[in-house]
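Participant: Working from the sequences, and respecting the hints, build out all of it.
With the working numbering applied, the sequence shown corresponds to residues 7 to 188, in that order.
Treat the hints as calculated values from the structure; they're not laboratory data. Any given hint could turn out to be false.
Calculated cross-link-like contacts (lysine-lysine; reagent style DSS-like; alpha-carbon spacing at most 25 Å) [claimed, not checked]:
#1 K74 with K111
#2 K142 with K85
#3 K158 with K66
#4 K158 with K74
#5 K87 with K111
#6 K85 with K140
#7 K105 with K74
#8 K66 with K105
#9 K142 with K86
#10 K142 with K111
#11 K158 with K87
#12 K111 with K141
#13 K73 with K158
#14 K105 with K73
#15 K158 with K86
#16 K141 with K74
#17 K158 with K111
#18 K141 with K87
#19 K85 with K141
#20 K86 with K141
#21 K140 with K111
Cβ-Cβ distance ranges computed for the label pairs, FRET-style [said to hold, decoys possible]:
#22 V36 with V119: 22 to 28 Å
#23 E70 with A92: 36 to 42 Å
#24 P50 with T124: 15 to 21 Å
#25 M110 with N62: 42 to 48 Å
#26 T124 with S51: 14 to 20 Å
Please read all numbers here as calculations on a predicted model, not as lab measurements. All C-beta atoms, glycine included, are put in the ideal place defined by N, C-alpha and C.
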Amino acid sequence: MKIIFKILGTLSMFLCFSCNTSTSLQQYFVDHQGDEDFIAVDVPSSLLDKEKMTLNAEEKEALESIKKVNFLALPLTEKKKERYEAESNAINTILSAEKYETLMKFGSNGTNVVLKYTGDEDDIDEVIVFATDKKKGLALVRILGDNMRPEKMAQLARSVEKGKIDLEAFRKIGESIDINID
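Facilitator: Below, the structure written as structure tokens:
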């Protein structure tokens with residue numbers, strides 16, 4: 007009987023130590039969906055009216071590779087300053103995991119943005135945009151898709167800049183937290 011307890015005890019300890027207790031980005035989104043301090047929106051790619059867009063074949067392929075966009079924001083108020091810091095640190099901890107590769111970082115005037123991705127360089131599974139602004143708050147965007155290619159995503163970004171893609175749904179989200187999306 008003692009041997010059984012020793013085996014069970016050893017197995018229990020092994021299971022406890024082998025479990026990954028760190029929060030995933032997906033779990034972070036799930037945990038904050040119902041939080042009244044946050045703005046949370048899941049936008050399926052079907053929300054974009056592709057029929058009205060004049061896109062070339064590569065742009066269409068890139069747009070079709072996007073399946074869903076998760077948006078989470080914490081608008082900054084005087085009451086939420088400590089929460090803003092805590093949530094920024096929590097997100098940075100999650101994004102510092104080895105599986106997230108950095109595409110680029112940039113910032114100015116109190117705004118910092120980091121773009122990361124998961125997957126292979128030529129087959130991206132998700133793109134993450136994390137932005138913080140010391141006056142406005144934080145925003146976390148997760149773009150999920152299949153076979154997203156960096157070069158096609160860059161071309162799609164240029165199409166957005168040229169106004170070929172109507173981002174009205176995203177503008178409304180941005181306006182609700184005072185972010186300019188142009």
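Participant: None of the hints should be skipped; say for each whether it holds.
Facilitator: To see whether the hints hold, each was checked on the structure:
no.: 1; hint: K74 with K111; in the structure: holds, 23 Å
no.: 2; hint: K142 with K85; in the structure: holds, 13 Å
no.: 3; hint: K158 with K66; in the structure: holds, 9 Å
no.: 4; hint: K158 with K74; in the structure: holds, 17 Å
no.: 5; hint: K87 with K111; in the structure: holds, 23 Å
no.: 6; hint: K85 with K140; in the structure: holds, 14 Å
no.: 7; hint: K105 with K74; in the structure: holds, 20 Å
no.: 8; hint: K66 with K105; in the structure: violated, 28 Å
no.: 9; hint: K142 with K86; in the structure: holds, 11 Å
no.: 10; hint: K142 with K111; in the structure: holds, 19 Å
no.: 11; hint: K158 with K87; in the structure: violated, 38 Å
no.: 12; hint: K111 with K141; in the structure: holds, 19 Å
no.: 13; hint: K73 with K158; in the structure: holds, 15 Å
no.: 14; hint: K105 with K73; in the structure: holds, 21 Å
no.: 15; hint: K158 with K86; in the structure: violated, 38 Å
no.: 16; hint: K141 with K74; in the structure: violated, 28 Å
no.: 17; hint: K158 with K111; in the structure: holds, 20 Å
no.: 18; hint: K141 with K87; in the structure: holds, 10 Å
no.: 19; hint: K85 with K141; in the structure: holds, 13 Å
no.: 20; hint: K86 with K141; in the structure: holds, 11 Å
no.: 21; hint: K140 with K111; in the structure: holds, 16 Å
no.: 22; hint: V36 with V119: 22 to 28 Å; in the structure: holds, 24 Å
no.: 23; hint: E70 with A92: 36 to 42 Å; in the structure: holds, 38 Å
no.: 24; hint: P50 with T124: 15 to 21 Å; in the structure: holds, 20 Å
no.: 25; hint: M110 with N62: 42 to 48 Å; in the structure: violated, 25 Å
no.: 26; hint: T124 with S51: 14 to 20 Å; in the structure: holds, 18 Å
Going through the hint list in order, the structure does not satisfy hints 8, 11, 15, 16, 25.
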